[in-house]
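If you count the sequence shown from 1, position 140 lands on 140 in my numbering, and the numbers rise without skipping.
It is worth saying that the hints were derived from the structure and are not from the lab. Fair warning: this is a prediction, and the values are worked out from it, not measured in the lab. Where is the CB? At the ideal position from N, CA and C, for every residue including glycine. Keep in mind that the hints are not guaranteed to be accurate.
[To be verified] Calculated lysine-lysine pairs in the DSS-like style (CA-CA distance at most 25 angstroms, straight line):
1. Lys98 - Lys142
2. Lys84 - Lys98
3. Lys84 - Lys142
4. Lys84 - Lys147
5. Lys147 - Lys98
[Claimed, not checked] Restraint ranges, calculated between C-beta atoms of paired labels, are given here:
6. Asn66 - Asn129: 27 to 33 angstroms
7. Ile116 - Ala39: 27 to 33 angstroms
8. Gly79 - Glu161: 43 to 49 angstroms
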Amino acid sequence: GIKGDKGEKGQKGQTGTEGTTAGVSLEYNSAANSGNPGAGKFRFNHATIANITRVTVNETASTGGNIEALLVDAGAGDGTVKSKIRIASSSGGFIDMKITGVTNQSGYCWLNGTVIGASAVDSQTVLNNVFANGETVGLQIKRVGVKGQRGEKGIKGNKGERGKKDKKRKGRRWGRKKV
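With these hints in hand, go ahead and build the complete structure from the sequences.
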């Protein structure tokens with residue numbers, strides 16, 4: 001047989017669905033307290049951003065995986081700040097926190113710390129202006145490195161050249177007048 005002619009170019013396909021936000025997938029529970037937020041969910045202990053000192057995260061991600069070890073690890077280390085977290089939505093809302101410790105409860109963990117940044121301009125903004133109740137977000141955890149050992153003392157430098165007297169000043173030092 002004989003090979004046929006090349007066909008015409010097809011139409012452009014539809015745009016794909018938007019991907020999820022990076023990190024562990026969780027759903028925001030807007031009830032401001034430290035109790036278990038429910039499987040696959042998280043919540044803050046206060047509705048005002050400036051007053052948040054704790055994030056309560058269930059040990060099961062919204063995708064079903066167990067994240068207990070990840071949460072506990074966020075509190076490991078010997079520095080004051082153990083890790084930094086970002087909770088971000090695909091709509092642009094985010095809260096950044098320094099984590100100073102983690103308390104493992106039964107089925108959930110408390111990530112204790114302070115807010116260091118947010119997508120809301122005013123730190124007094126109510127959280128519902130950042131995330132909507134039931135909104136899916138991504139929890140990203142960045143461990144803070146342990147402080148390294150002090151380095152060794154460096155070697156002494158070479159002696160510099162002796163300075164030259166200024167002939168105009170006739171050997172007088174700055175700031176002194178000849179009496």
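key: Hint numbers contradicted by this structure   = none
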